[in-house]
Every structure is written in structure tokens, then in C-alpha cells.
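Visitor: Model the full structure from these sequences, guided by the hints.
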Amino acid sequence: MSKPCLYLLLGLPGSGKTTAAEQIAKITGSVHLSSDSFRLSLFEAPKFSQDEHDSLYKMLDYMCELLLKNGTSVVYDANINRLVHRQEKYALAKKVGANVRLFWLQVHRDMAKQRRLDTQHPMLIPKNETAHDLFERVADVFEAPKKPEKFIALDGTKITKAYIQKFV
Numbered sequence: 008m009s010k011p012c013l014y015l016l017l018g019l020p021g022s023g024k025t026t027a028a029e030q031i032a033k034i035t036g037s038v039h040l041s042s043d044s045f046r047l048s049l050f051e052a053p054k055f056s057q058d059e060h061d062s063l064y065k066m067l068d069y070m071c072e073l074l075l076k077n078g079t080s081v082v083y084d085a086n087i088n089r090l091v092h093r094q095e096k097y098a099l100a101k102k103v104g105a106n107v108r109l110f111w112l113q114v115h116r117d118m119a120k121q122r123r124l125d126t127q128h129p130m131l132i133p134k135n136e137t138a139h140d141l142f143e144r145v146a147d148v149f150e151a152p153k154k155p156e157k158f159i160a161l162d163g164t165k166i167t168k169a170y171i172q173k174f175v
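The letter at position 29 of the sequence shown is residue 36 when you use my numbering, and the numbering goes up by one with no holes.
Any given hint could turn out to be false.
Claimed, not checked - What follows is a set of in silico ranges between Cβ atoms, one per label pair, in the way DEER data are often shown:
| id | residue 1 | residue 2 | range |
| --- | --- | --- | --- |
| 1 | Q172 | K134 | 34 to 42 Å |
| 2 | I34 | R144 | 19 to 27 Å |
| 3 | F158 | H115 | 12 to 20 Å |
Stated by the list, open to error - Derived DSSO-like pairs: lysine-lysine, alpha-carbon spacing no greater than 30 Å straight-line:
| id | residue 1 | residue 2 |
| --- | --- | --- |
| 4 | K76 | K168 |
| 5 | K120 | K65 |
| 6 | K173 | K96 |
| 7 | K134 | K33 |
| 8 | K10 | K120 |
| 9 | K96 | K157 |
| 10 | K102 | K120 |
| 11 | K96 | K120 |
| 12 | K153 | K65 |
| 13 | K10 | K168 |
| 14 | K96 | K65 |
| 15 | K96 | K168 |
Just so you know, these hints were derived from the structure itself, not from any lab. As the structure is a computational prediction, the values presented were derived from the model and not from experiment. A virtual CB, placed ideally from N, CA and C, is assigned to each residue, including glycine.
Guide: Quick look at the structure:
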């Protein structure tokens, strides 16, 4: 039996991570764990507090670990734009003996921003921020992969099933 795989997606908001995650899940038969979907399901009116954030990610990580332990591959569709967060996922995969594939969705910052502003779910914007401010805050802390991280660069303007199949 082959090892399960933890598929990670990295990129600016609006770079195509969720679209790619959906395609990867369909192509590979993996379970798609989306932090946005879980947040909207768990919290009627998300507050984006640290406690809420911690609860959300604790649950996502718990589900991810259970699925991987049971041999099911997972597409982890959540903000892992900082190295420390990616390292947590690498450690989780190592703990359960899963492979990891990191996909870096690349698009020009202006395009990513416009996409995000056009499609941002209103319940996923903290009350004290605008969609613009949220994008800038998240984009400003983005950390590109660092050696020895291995990644697959994907053009975020070409996210189709045929394109993604070339890389999974």
C-alpha cells in the first residue's frame, strides 16, 4: 500500500489555492480540508479571535492527522504562508508517515488582490478590517519557500484539471 500524501497549498490570497485544492482532491481522491469552509460551518458569526483561530486549526490538524493515519490523502487548504506553519504540517506528516507535496500558486500580486476582492466571502472578513486591508495584512507576511523546502510552482492563471494533472 502506498503512503498517503499531504498536499499543501501556498500563495497569496486570490492566487488560486482553493481552485487548485478542489482539482487536486478530484484528481487524487484526497479529502479536501478547507479552513474557510470549516470556519463558516463552525462559527455562525466568525470573530477571528485567537481562540477561534486556535480551535479551528486544532480541529483541522486533528482531522488531517486521523485521515492520514488511516491511509487517506489530504489536501490542506488553509493559510500556510509562513514557514513556521508549513513546518508544523511537515512535522504532522512525518509523525504519521505521510508524503508531502507543496504547491506554490504564483500570480502577480495585483491580480491576486483583484481576484480576492472580487470573490471574498463577507463572513470571512474581520469586522475591524476591509477586504483590502485583510489582503494586504496576509500578503505582507507571506514567506516564500526556503531551502530545503521542495515545492512545485503552479501558474495560478492556469488552474484547470488538465493543468493540475501534469503535476500530481
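Visitor: Evaluate each hint against the coordinates.
Guide: Comparing the hints with the structure gives:
At about 41 Å, the CB distance of Q172 to K134 agrees with the hint of 34 to 42 Å. Between I34 and R144 the C-beta distance comes to about 32 Å, which lies outside the given range of 19 to 27 Å. At roughly 18 Å, the beta carbons of F158 and H115 sit within the given window of 12 to 20 Å. About 27 Å separates the Cα atoms of K76 and K168, which keeps this hinted pair within 30 Å; it holds.
Restraint check: the Cα-Cα separation between K120 and K65 comes to about 28 Å, which is no more than 30 Å; the hinted pair holds. Straight-line distance between C-alpha atoms of K173 and K96 comes to about 24 Å, which keeps the hinted pair within the 30 Å bound. A threshold of 30 Å between alpha carbons decides the hint, and for K134 with K33 the separation of about 34 Å lies outside it, so the pair is violated. Straight-line distance between C-alpha atoms of K10 and K120 comes to about 36 Å, which puts the hinted pair past the 30 Å bound.
Between K96 and K157 the alpha-carbon distance is near 14 Å, which keeps this suggested pair within the 30 Å criterion. As the CA atoms of K102 and K120 are separated by approximately 36 Å, the hinted pair breaks the 30 Å bound. Proposed proximity of K96 and K120 is supported: the alpha carbons are some 26 Å apart, at most 30 Å. Between K153 and K65 the CA atoms are separated by roughly 25 Å; this keeps the pair inside 30 Å, and the hint holds.
Note on K10 and K168: the hinted pairing holds, with a Cα-Cα distance of about 23 Å set against a maximum of 30 Å. Taking the CA atoms of K96 and K65, the gap is near 12 Å; set against the 30 Å cutoff, the hint holds. Taken as a hint, the K96 and K168 pair is honoured in the structure, with Cα atoms around 25 Å apart against an allowance of 30 Å.
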